[in-house]
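Novice: The chain contents come next:
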Amino acid sequence: MAETNETVQALAEAEYKHGWSSNVESDQLPPGLNEDIVRAISAKKNEPEWLTEWRLRAYRHWLTMPEPDWQKPKYPKIDYQNIIYYSAPKKKVSLESLDEVDPELLETFEKLGISLDEQKRLTGVAVDAVFDSVSVKTTFREELSKQGVIFCSFSEAVTDHPELVKKYLGSVVPYTDNYFATLNSAVFSDGSFCYIPPGVRCPMELSTYFRINTAGTGQFERTLLIADEGAYVSYLEGCTAPSRDENQLHAAVVELVALKGAHIKYSTVQNWYPGDKNGKGGVYNFVTKRGTAHENAKVSWTQVETGSAITWKYPSCVLKGDNSVGEFYSVALTRDHQMADTGTKMVHIGKNTKSTIVSKGISAGQGDQTYRGLVKILPKAEGARNYSVCDSLLIGGKCGAHTVPYIESSNKSAVIEHEASTSKISDDQIFFLRQRGLSEEDAVSMIVNGFCKDVLSELPMEFAVEAQKLLGLKLEGAVG
Amino acid sequence: MTTRTQNRFAHTYTLLRKALPDEPGWLSELRDEAFENFKALGLPTVKHEEWRWTNLKRIADTDFVPAELAEVSEAQLAKYLIEDADEIRLVFVNGHFADKLSKLPTIPDGLVIEPISRVLGSDEGLQVKLGRFAEPTQPFTALNTALFTDGAYIRAGNSLTIQTPIHVLYVSTDSDAPAVSSPRTLVLAGESSELRVIESFVGHGNSPRLVNSVTEIVAKGNAAVRHVKLLRESDGTSHLGWTELNVERDANVSSHSINLDAGLARNDVHAVLAAEGANCSLNGLVLGRDRQHFDNHIVVDHVRPHGTSSQLYRAVVDDKSRSVFAGKVIVRQGAHGTDAQQQNNNLLLSNDAKVDTKPQLEIYTDDVKCSHGATSGQLNPEAIFFLRCRGLDETHARNLLTYAFANNVIEHIKIDPVRLALEKLLTERFAGLLGGSP
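Here the protein sequences line up with chains A and L, keeping their order. The numbering of the first sequence is numbering that gives the first Met the number 0, which starts it at 0 and goes up by one. The numbering of the second sequence is numbering that gives the first Met the number 0, which starts it at 0 and goes up by one.
Hint data in this document are derived by calculation from the structure and do not stem from the laboratory. No experiment lies behind these values; they were computed from the predicted model shown. Virtual Cβ for every residue (Gly too), placed ideally from N, Cα, C. Accuracy of the hints is not assured; some may be wrong.
Taking beta-carbon pairs under 7 Å as the criterion, some of the chain A residues facing chain L (in silico) [as the list claims (entries may be wrong)]: (1) Leu-28; (2) Ile-406; (3) Glu-418.
So that you can see chain L by itself, here it is in the shape it has in the complex (with noise of 0.2 Å):
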């Protein structure tokens, strides 16, 4: 089984090269690289702790062309835009740069947002940052570094603060033969620079696809940056990401995953708090509807002393949904001082879902605040009864209480105008999930 998907993508990777022949010979050395890596790697099955409840078998069972760029309107991309953060836009479809579709206006000196293609050739020495970061013994990190075509690429130099947003947003759209697109972002913040950056994953249409993506994020030291994903791929997609994070000394990263819709969608966060005093904080929500499958793994790896980390993962799971989280805190020998929190927190709406959880602590070292929690149930009876009382009917009650338990995740995003597009879909969200209207 293995060895034959590792032909599949064999072949996949023979059309990408095919497609892609004027590349510098230090990329190419570096797709070879990865993609051997990858097949010494193969893909994972439940048989791996890391894998144990979520099933790759589409994936494995699937043969998949290298996805090519399509036609989208600006009218189909309307809806997937958030208000007052739409100033700065790429776009990429299938993962190809859609210059039509972007807008960059003139940017600051020192502020450099472009599509990876673009500056692979230029001075800003990429050969030394593509793939630096997230681990090359992942299978999906390997493949999507041997197989990506293109992404967004934004560096802010030392000091520069950058209060404006900068949507990124990776399009997939249907196609006859199942596709796989590989979106790479990299994001390097300099010294005491700050950056707002949202990464929207959206699919059209819903014919079987793989989006394998990879986001690498570095914060140098005192430096600051906002993050969220967003997450609205369409049910034939299957989802695999992988956001790095390199946090240095006194810097500030906060990282959102929100998962709205996807057929199966794996986010693996992996934070290193590399030096003294840097801080993260890592949410996630999954809203999990029909027969969507939603699977969060993060790592926060707490290499030196007084970092502090947080993490608040909630989801909401109805019909016949699942959703896996496994949260890990490591703490190595000499990184004393560390703060670290974990929440986890279910609520099941429905008796065919299913949810798994297993948050995890490591610790190495004495001098240490760790605590994590972790919850599942439904809500409570007596808060409905409470909002009963106060006159509200049954599904209003309910509504408003699985509104505020997801909202509570919502509430901790730092760019107003994700936060602001957030609440709304909430609200309509559950009107349309629980059957009223809240």
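Excised from the complex, chain A in its bound form (with noise of 0.2 Å):
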């Protein structure tokens, strides 16, 4: 027990565990951002004609749309002249095996825990690891695509399956969605691409690592997930970048098509790098994400927000079709002066449609969070139920807490019920763990624990254990 407290302990002073940055040595554009850097960012990556255009109109309206200031967590303005949009590790061929990585950014991964090697052999899960902009490996395609699976890097799906992209791309967020995703349209680099064939339950869980390693580049990466008909699919996403002074911009979109019966589950642990201890430096974490269900498909958005200076993002579901299900369980921890506006939409449309919201956000330290959300029943959606809980633990006098919920309903027959409650671990509480002989920190740390517990339960195993690990870590020096 000792032990382990010493190595958290050191862990927690050193911070921020991801806080190295690779040598790798990759290829840029120079920093700003005009219709011909848009032009060099397709160009690089070979796309088609109406795909170019697509990017271009967006850049367009872009330059039409005011920066919104409505957030809570208030940020110096960005100037988008000073980002790299491209990034991409150098000497980038078309992979067959492990081998052929850069050995460089294979201990990169091996660093974060992602061994990508191991992962293949070990946990059975396939991985797509994004490398500033681009995808640089994608494990278990083989197996993936016995079963029709289609699972790589966005380009490459722009290459070889075009017709699924240019028919999903954007009909969930569409490229005039808002001022960060129709950014993210005109500049976006890479991400992943998922297509499960109606009736497949994938047969494992699929897996994006994103990192942010040159200084001063943004990411914008786009993920697109297309369950078809009667589809399973289950998705992570892990989040971490190096140390750096400044604010990087991480500007992602993830859309979701849960066609008739699908099911798809995403899961996030967000761990980009938060900032020093004065607030220096840290991850802008704005980001887009939106599923719609169709007629008795399920979308659920499971997150754990554990980094970013400021996360703001609010991942959604639009209940399209009659009796579809949305879910959102969320964890969001904000310490030091790290700032969280995040929740999530929910747009009941079909008749029948359920959606259930459980938001858990622990603020230490000067962290201030926020929980933003909305409920949404048009008058068509007979039938429809709502049901969202949102708790508050804050930890220390300096912190923030705040819940802003709209509930919107056009139906008489729709049943919406809220709660909320904001309030403090209890002495009695930590007092009762201490006297069977845990510390005060592992106290705080058992309780937060199982204040999240209907969050955590949600993640696959692995990530339940990853993210629970993470909590403690970051609760470490926020106690006293």
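The task is to assemble the complex, starting from two chains supplied on their own in separate frames and drawing on the hints.
Specialist: This is the structure in structure tokens:
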């Protein structure tokens, strides 16, 4: 016990475990944003004409949009001309086996605890690793393709499956959607693409690891996931970045399409660099995530948000088809000067649509977080049902927790329930655990894990363990 | 659009100032300043977060003239009076004091009940109190300060307990051109005093008009104020009402906002728990029908430690009516030991009715107990089944449950005659609303 505590202490003092950077040579475009850069990105990816045009339309639309400022976490103005929009590890050729991957890169992922090779052999999780802006390696592709599952980087999908990309790209998050999604549509560099054919239950968890490496870059990846009729897929996403003094922008877009009877489970463990103790540096995580659920389909979001200087995202479900189901489970932890404004939107369009929202927020130090959510029942959503619960736990007298749920109901048969509570860890609970020999920090960690249990139990096994450890680590030094 | 609207009110303002030539200088200055404020702020649109669900187009598109005093008979007034709460009565018609309709019996020493217009020049020191509490940064409180003609002024001295409810009636009547009246109420409860105040806003006739009211209530240390605002405006009326509560150490304020009728009504309640141990309870009821639109915006600001606050807002909406609720509890840094509860329940009786709600918590300290809940839906089919098993027909069962749902708010009213009158009114209302008799 003592030893683990020391290790934990050491790690806590090291503050951010993934703060190193790798010396992988990268091929990058100069910083700045204009039509030429958009064209250059498109050219680098050998994209067809229609996609270049789509990007340019997005770029031109972006120019007309004002940057939103209604969010709770305020940040200094971002200089969009000072960001590198494309950075890729050099020596990128198509890779058939792991031996061909740059050893420095492999080491990077080894350090992250995602040894691609090991992952491949032991856990049976198919991994698509995205380093800076491009996908470097997708494992298990062959086995997946036997079932007809397509799992590859976005740029490969554009080349190999243009009909699917063309049909679904922007169908859930149109390029006009919001400031950051539009920016992403113009400059996205890579990401993951996944298609599960009708009736197929994807034999393994699919997973993407994102890492920002190069300084001054923004990461703009795009994930498109399509589950055809009756298909099932569970998808995991993890993120890290090196410690740098400047703020880095991460503006991703994730689109999920669950066709009739399909089920998509999307889990995120977000651990971008949160900045140092005084709030210097860190990643701005401004992400647009949305899923459309057709008839009898189900879209389920689970997120554990522990990193980033600012997290600003609302994974949403558009419950279009009758009897479709949307779920949102979230744990967000902010400490030091971290800020989070996160939540979900559930739009009930079809009859008998159901949604569940479970959000747990933990604020420590000078952390500040907001749950912001929308439950919207349209007039035709007969028999719609929503249940939301948002709890916040406060640790220390300088943190903040806010709850802003929006409920709009236009159907009398719809039943909506929302409840929220805010409190601190009670002294009685700590006293009880201390009596049984736990240190104060262990006691807090145990209480927090209990507080988050409803959400953590929704995560796939391997992730749940990782998330639990992560929460414990993040809380170290925040208590007392 | 915005500038045009301001110009409209600029004309209204000029007309009003001409009609009130002999005001004290400090008041003219206050008005000018407030009007400048209003011009700078402009009329809010649905793009403003706090107005996203309430469209003020009907105000923005209308030219208003200042409302003038009109004849109202005792008989016309009768149906708005409250049994057993009619000893002290102040009546204002279109924002002007109606002497003949008011009742001001001999009142105990230390209690002042007067129309504001009569005390403006006296040593009541109004110049330091008027407009000091209500947010000057809100467009409509600013507009009220600029345009107000009269209102009730109630002050209780220290340790004075007034059991008799004070009924303030603001009546608006038909006019040829759309008119704006700006009633203003100022209630000052001295230390350890106790006051009961009822404000009724009633409308006669259906001509379009704007009633823009401001009510300021200050409860000094250990004081108790019970306040009820009854809204019985006509369908042609747009009612904008701002209620500012300033609660000091260990004082206790309860405020009920009962929305029975109005074409469009927006109530803002802003409660500041300014000292330790302050306590407030804010409740509201909306009964919407036809195309009525009700909007209740509540802010409870816990500034100091150990304050308690509770909110219970309920809405029953039928036909094409709409109810909006936005409640915010702020707990400032250092306001430890705060206990704040907030509850919003909505009942939709028709598929064309709409409910929008946004209960908010904004918390900056850790030692607090805060919770909120919101629900929206229809009557529980099992409860209806239960009642039908016991021999009630469907209509009776629904009436009874709807009545119970609404009465839950009414039963918190601590001014007995008002509670009884409202219970009676509810019984009548639901019989009519659901097409049966309870």
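Novice: Hint by hint, note whether the structure agrees.
Specialist: Taking the hints in turn, this is what the structure says about them:
Contact between A/Leu-28 and chain L, as hinted, is not supported at the beta carbon level, the nearest pair being about 37 Å apart and thus beyond 7 Å. For A/Ile-406, the shortest C-beta to C-beta distance to chain L is roughly 5 Å, which falls under 7 Å, so the interface hint holds. Nearest Cβ of chain L to the Cβ of A/Glu-418: about 4 Å, under the 7 Å cut. The hint holds.
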